[in-house]
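Asker: Sequence:
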Amino acid sequence: EKVTMDPETAGPFVVLSQDHKTLQCGDGDENLPDIAKRFANTAVLGSQGFTSGRHYWEVEVDKENAWAVGVALESLPRKEPYMEPTCKEVWALRLDWDDEYKTDRVPPDPLELTEQLQRVRVHLDYDAGRVTFYNAENMMQIVQFETTFTEKVFPYFCVYAVETRIRLC
1 EKVTMDPETA
11 GPFVVLSQDH
21 KTLQCGDGDE
31 NLPDIAKRFA
41 NTAVLGSQGF
51 TSGRHYWEVE
61 VDKENAWAVG
71 VALESLPRKE
81 PYMEPTCKEV
91 WALRLDWDDE
101 YKTDRVPPDP
111 LELTEQLQRV
121 RVHLDYDAGR
131 VTFYNAENMM
141 QIVQFETTFT
151 EKVFPYFCVY
161 AVETRIRLC
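Using our numbering, you'd call the opening residue of the sequence shown number 1 and step up by one each time.
Where hints are given, some of them may not hold.
[Stated by the list, open to error] Simulated DEER-style distance windows between Cβ atoms:
id	residue 1	residue 2	range
1	K63	Q141	16 to 24 Å
2	V106	K79	12 to 20 Å
3	V106	G49	31 to 39 Å
4	T148	D98	27 to 35 Å
5	Q141	E8	17 to 25 Å
6	E74	D96	32 to 40 Å
7	Q48	T114	28 to 36 Å
In case anyone wonders, no lab produced these hints; they're calculated from the structure.
These figures come from a predicted structure and were not determined experimentally.
Every residue gets a Cβ at the ideal spot worked out from N, C-alpha and C, and that includes glycine.
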């Protein structure tokens with residue numbers, strides 16, 4: 001699946017590469033027009049949303065700094081300065097500040113992984129209501145969420161620290 005990041009959703013605290021495949025934290029100096037779909041924090045959505053079918057994408061992730069990748073509803077609030085999604089808006093895997101892998105839920109569920117992730121595959125089955133995460137290096141399943149989607153969903157990306165960088169493969 002050819003997924004890219006939507007620059008119109010990228011807020012002033014992130015920097016996207018020209019090909020819209022790499023995301024990293026910025027210093028907040030990006031002079032961007034304040035449009036409704038733009039986040040006020042460090043999250044970005046994919047350029048293409050989905051209302052049916054099966055889709056997957058892979059993300060090269062930072063081994064040391066905090067990030068999150070997954071799927072978000074189109075209605076995810078954009079103007080909150082600090083991202084604290086609820087389980088109704090985002091289904092994501094994250095590496096937290098304490099170097100622990102967790103689900104991006106409230107509260108987050110810790111995940112027992114035996115090795116550091118380098119590449120994550122996000123698999124969305126919209127019709128079945130499943131979002132599944134795999135270690136793309138060995139295709140071992142990490143975690144799966146089940147829900148019923150009632151609106152368009154988008155690939156979701158977030159970085160939490162200045163040094164953090166994630167890249168779509």
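Asker: If a hint holds in the structure, say so; if it doesn't, say that too.
Answerer: Structure-based check of each hint:
1. Between K63 and Q141 the CB atoms are about 20 Å apart, so this pair conforms to the stated range of 16 to 24 Å.
2. Separated by about 19 Å at the C-beta atoms, V106 and K79 satisfy the suggested range of 12 to 20 Å.
3. At roughly 23 Å, the beta carbons of V106 and G49 sit outside the given window of 31 to 39 Å.
4. Separation of T148 from D98 is about 32 Å and conforms to the stated range, judged on CB atoms against 27 to 35 Å.
5. A C-beta distance of roughly 33 Å is found between Q141 and E8, which places it outside the suggested range of 17 to 25 Å.
6. Here the CB-CB span from E74 to D96 is close to 26 Å, at odds with the stated 32 to 40 Å.
7. Checked against the hint of 28 to 36 Å, the pair Q48 and T114 passes, with Cβ atoms roughly 33 Å apart.
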